[in-house]
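Chains as they are written, first to last, in my numbering: chain A, 1 to 139; chain B, 1 to 179.
The hints are simulated quantities; they were obtained by calculation from the structure and are not laboratory data.
Just so you know, not all the hints are guaranteed correct.
What the simulated footprint calls covered on chain B by chain A, stretch by stretch (three residues with Cβ under 8 Å from a Cβ of chain A suffice, anywhere in the stretch; the number is not a length) [claimed, not checked]:
no., stretch
1, 64–75
2, 144–157
Selected chain B positions facing chain A (in silico; Cβ < 10 Å) [stated by the list, open to error]:
no., residue
3, L44
4, V47
5, L48
6, V51
7, S113
8, Q116
9, I118
10, G134
11, P136
12, L169
13, R170
Idealized CB from N, CA, C, for every residue including glycine.
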Amino acid sequence: MRFDIVLRVATKFILAPLLLFALYVQFHGDYGPGGGFQAGVIAAAAVILYGLIVGLAPVQRLVPMGLLEVMIPGGVLIYMAVGIASFFLGDNFLDYDHLAHDAVHGQEWGVFLVEIGVFVTVSSTMVAIFYAFAGRGRS
Amino acid sequence: MIETSVTIVILLMLGAVTIGIVRVRGLFAAVVLLGIYSFLMATLFIVLDAVDVAMTEAAVGAGVSTVFFLGALYLTDTVEAPPVHGQFMPLVVALVTAGALVWGLSDLPEFGSPNQPIHQQGADYLARSMTDTGIPNVVTSVLASYRGFDTLGETTVVFTAGIGVLVLLRRRRNGKEGS
């Protein structure tokens, strides 16, 4: 597959818009459809597409396994940290009212940070599962 | 009217694809049919105005999980093994499950009916979302703010799945004797 010129060129054209679309879905989720989960899957799909075309070793130079092993628990920790921060600011767990100067801005900050946590965990988990499948030789 | 006919056409195609998945013996064709099934479901969700769910279904069901299925097929065989036991017991289990589901359907409120308790007595997020959170997309504000604890649980589920797959499928770094 890695010598198929059509797939290689099409992938080169589609990769950057795909990653940009993931960012759009991530940060525009407040106003349109989408959010951390969908954006994470789209970003992971971009990395997986690159891996399918160029092979496992080059994509693992780009997104190394060690990075994924930090990102998988990192997203959950970001999420928990937002909850604990609001806890210490005098609210309930995951109640974002006092994260900023007023309640509406606090809510927007809280949702923004929480969605980033979801994005980090979902995207890294998808890529890690792909690596785990692709890295095994045929038995 | 046009919405109803589109829904009926999509449901018929879903039925045809499902029969195809059950009948086909080559697993490669089954994986492709599963991807088509997910795209049809995504289209159905769009007809039902559930854009967020449609996006998830198209990305996860049709995109990423197809790649995972193909990866699994690469590691195993691409033709389904012939059944070892008779097909009577699976038929009974399937019929009983389908019967229980249809029986449960009779208890659901009418489709799209505004008289359900969830539309009358639940918290009115549609009216509250803008003043509480300043987020116009109510799906996002419910997911990330009002029901943030549930989403934390879902993220933990994804995390657990990732850790589980890594533990099961990962090649050992040291010691080449691992299979």
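Structure-based check of each hint:
no.: 1; hint: 64–75; verdict: holds (count 7)
no.: 2; hint: 144–157; verdict: holds (count 9)
no.: 3; hint: L44; verdict: violated (15 Å)
no.: 4; hint: V47; verdict: violated (14 Å)
no.: 5; hint: L48; verdict: violated (13 Å)
no.: 6; hint: V51; verdict: holds (4 Å)
no.: 7; hint: S113; verdict: violated (25 Å)
no.: 8; hint: Q116; verdict: violated (24 Å)
no.: 9; hint: I118; verdict: violated (21 Å)
no.: 10; hint: G134; verdict: holds (4 Å)
no.: 11; hint: P136; verdict: holds (6 Å)
no.: 12; hint: L169; verdict: holds (4 Å)
no.: 13; hint: R170; verdict: holds (6 Å)
In this structure, the earlier hints numbered 3, 4, 5, 7, 8 and 9 are contradicted, and the remaining ones agree with it.
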